[in-house]
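According to the working numbering, the residues represented by the sequence shown are 1 to 222, in order.
Hints are supplied without guarantee of correctness; some may be wrong.
Claimed, not checked - Across the chosen pairs, the derived CB separations fall in these ranges:
| no. | residue 1 | residue 2 | range |
| --- | --- | --- | --- |
| 1 | Gln144 | Pro71 | 32 to 40 angstroms |
| 2 | Glu160 | Ser79 | 17 to 25 angstroms |
| 3 | Glu52 | Thr87 | 34 to 42 angstroms |
| 4 | Asp203 | Arg50 | 12 to 20 angstroms |
| 5 | Arg50 | Ser72 | 34 to 42 angstroms |
| 6 | Gly162 | Ser79 | 21 to 29 angstroms |
| 7 | Ser72 | Glu112 | 21 to 29 angstroms |
| 8 | Gln202 | Gly49 | 15 to 23 angstroms |
Read the hints as simulated data drawn from the structure, not as lab findings. All residues carry an ideal CB built from backbone N, CA and C; glycine is no exception.
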Amino acid sequence: MRHNDVGFRAIGRFARHYVLAGLVCLGVSNASRTEAQTVAALPNAASIGRVEPMGGARPVQGWVSFCERNPSECVIDPSEPATVSLTGRLWKNLNAVNRQVNTTITPMTDQEHWNVVDRWDIPTDGYGDCEDFQLLKRKILAEQYGVPRRALRMTVVIDEQGEGHAVLMVRTDEGDLVLDNKRSGILPWHQTGYVFIKREGQDGREWVSLGERSSPMTTANR
1 MRHNDVGFRA IGRFARHYVL AGLVCLGVSN ASRTEAQTVA ALPNAASIGR
51 VEPMGGARPV QGWVSFCERN PSECVIDPSE PATVSLTGRL WKNLNAVNRQ
101 VNTTITPMTD QEHWNVVDRW DIPTDGYGDC EDFQLLKRKI LAEQYGVPRR
151 ALRMTVVIDE QGEGHAVLMV RTDEGDLVLD NKRSGILPWH QTGYVFIKRE
201 GQDGREWVSL GERSSPMTTA NR
């Protein structure tokens, strides 16, 4: 997505007021940014950590519209666990889905794709930008691998270039992992170099603020 007049020209003001009119998704897939990671490299639990919410936040308008068009994608069963056990099997499945989507979807901005600034959608035609990649991963993990949607959170961040970006956060019993279309490796949230702004809440409709939580890599570079 490309930013508009109230987008990301002033990152600090955006972060304070949680104004999100459109993310800047660069659409860089695994094909251009390869990072070595094997399925056997299950993260050490002590190195993952969590990013906890710090209050409510306004849902992204693209998410609201997506849920209106696809209500079944946004229905969260409150009886599902809010976290999932980080087993070797789950780690293998997360890596497989991350690679599958990153290498099969062709990056395309919403302006090029739909002639609009911002649209969240499942990329059924094979084209999409960052949030579309993550929505497809979320769908596959829930429907094909039985990962509870309640543990799969669409998340808005500011990336290493100071632009808005969307990732999929998987909440595990050992901490929060990030699936991204800009890298092949799945990382603990604090190793991404991103500033975390807000994410989907536990009920799918409401969102929560992450209080501009900076990963150590991002903080060190600022």
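Against the structure shown, which of the earlier numbered hints fail to hold, in ascending order?
Violated hints: 1, 2, 3, 5 and 6; rest satisfied.
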